[in-house]
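**Q** Letter by letter, the chains look like this.
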Amino acid sequence: MLKTRIIPCLDVKDGRVVKGVQFLELRDAGDPVESAKAYDAAGADELCFLDITASHEARGTLLDVVSRTAEACFMPLTVGGGVRTVEDIRTLLLAGADKVSINTAAVKDPDFVARAAEKFGNQCIVVAIDAKRTSAPGEPEEWQIFTHGGRTPTGIDAIAFARIVTAKGAGELLVTSMDRDGTRSGYDLALMRAISEAVPVPVIASGGVGGLDDLVAGVAQGGASAVLAASIFHFGEASIAEAKAHMAAAGLFMRLDV
Amino acid sequence: MTQEMVAIIDYGSGNLHSAAKAFERAAREAGLHDTRILVTSDPEIVRGADRVVLPGVGAYADCRRGLDAVPGMVEAMSEAVQGRGRPFLGICVGMQLMASRGLEYEVTSGLGWIPGDVGPIRPADPALKVPHMGWNTLAPERPHALLDGIPTGEDGIHAYFVHSYALKADRPGDVVAHSEYGGPVTAIVGRDNLAGTQFHPEKSQRLGLALIANFLRWRP
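Protein chains in written order, with my numbering: chain A, 132 to 389; chain B, 3 to 222.
So here's chain A without its partners, still in its complex pose (with noise of 0.2 Å):
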């Protein structure tokens, strides 16, 4: 049977991890290929880098920590972040991601999902949907993409597009409320729920998990495939042991294998 996956995300910058990661066995936190290795060694199931560099420059110190980390962790990495152009996935994939998150590339242009999945196949491309909510309470719910970090409005409704770019060939939607994202107030569920029953493909439930059931909630009412969370893992207030235990004892299936 298919188990739920749990995903860790690290925020890379100019080859650091951002927010801090708190290992014991860390020589070195700031190190992302060290944090992965951690993460494999925990039994994470997938892990996620999400680049946040700024300067078109610096890419070439993400591909070194993707390949240095695809070298020493045998488990599937997908990495994020300033995607725009069919190469640019390329080369995130010759340097041993498995799959490449697109975000504002694909709002602007839902075609070049289409592209990149005939180029690449759809399992390795990836939407990520950065989605507000737009309705009034009491209204019926409505949610809208926003890009820049949640700063700019597009006018495009999030059910809609996550229907487009699954229909263009994304294999997997990371959604993100940008609502929820910081807060530690628990994924926004229907808007999970809303978009995994909308798509024929999985879902990665992000954006504001702030403990361990919020996790379980992604998955039994959220409908998501998958839960990323950052802080709570980095900040070592729950290990991805305890998290599968958890979410297993509330009736998930988890691998347990490690």
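Since the hints were derived computationally from the structure, they do not count as laboratory data.
Careful, some of the hints might be misleading.
[To be verified] Reference listing, derived: stretches of chain B covered by chain A, where coverage requires no fewer than 3 residues with Cβ under 8 Å from a Cβ of chain A: (1) 17-31; (2) 55-62; (3) 73-82; (4) 152-160; (5) 186-199.
The C-beta atom is built at its ideal place from N, Cα and C for all residues, glycine as well.
With chain A fixed as given, assemble chain B onto it according to the hints.
**A** Same frame as chain A, now just chain B:
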């Protein structure tokens, strides 16, 4: 022990560095110190290899075209594997290429080593998502050297899958193991010195390293 050379065929289908590293680590952990892993696009090296690995990611037709674009590669593979009986492992689309035909986007000829077609996964439960993406257990159809010592079944350890198409073998005997995903999905095929995994052993942590080590020790 004599030195063994394992050729991982490079035909432009993605990064093979991490696959090579996984094979190197599996060899090291299994104490196979005389095993040399070589990523190569040279048919002459493949022809003389002791073991042959065909990886593959992406679309079926793309992979087939990539393989055909290396002059003499298919012939060299056939000679090593069919002519000289060298153990062969296909991975993901590399496994699917062992089939007669791929039906992804267009009809593409496979190598025809495992009779059958590669068609879309259609889980009986419509709530199940496609691609079949993530960690699943293996249900063996029969014993096989590649699975030696690996806990299988619902309580077994997991393999990492990511695919929307699957091989349906014409001969049930060619299926070594399946995974459950709204019905059986072919996970491992095998006949004589040929084997293939739909999942990615190089991404499957403990199960993957154990299976690769089994392949490196395999004497079919």
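**Q** So is the region 73-82 of chain B in contact with chain A by the C-beta rule, three or more residues under 8 Å, or is the coverage claim wrong?
**A** violated (count 0)
**Q** Under a C-beta cut-off of less than 8 Å, do 3 or more residues of the region 17-31 of chain B approach chain A closely enough to confirm the stated coverage?
**A** holds (count 6)
**Q** Are there at least three residues in the region 186-199 of chain B whose beta carbon sits under 8 Å from a beta carbon of chain A?
**A** This one is violated; 0 residues, fewer than the three required, reach chain A with a Cβ under 8 Å.
**Q** Closer than 8 Å Cβ to Cβ for three or more residues is the test here. Does the region 55-62 of chain B pass it with chain A?
**A** holds (count 3)
**Q** With a Cβ-Cβ cutoff of 8 Å, does the region 152-160 of chain B contain at least three residues near chain A?
**A** holds (count 3)
Of the numbered hints listed earlier, those contradicted by the structure are 3, 5.
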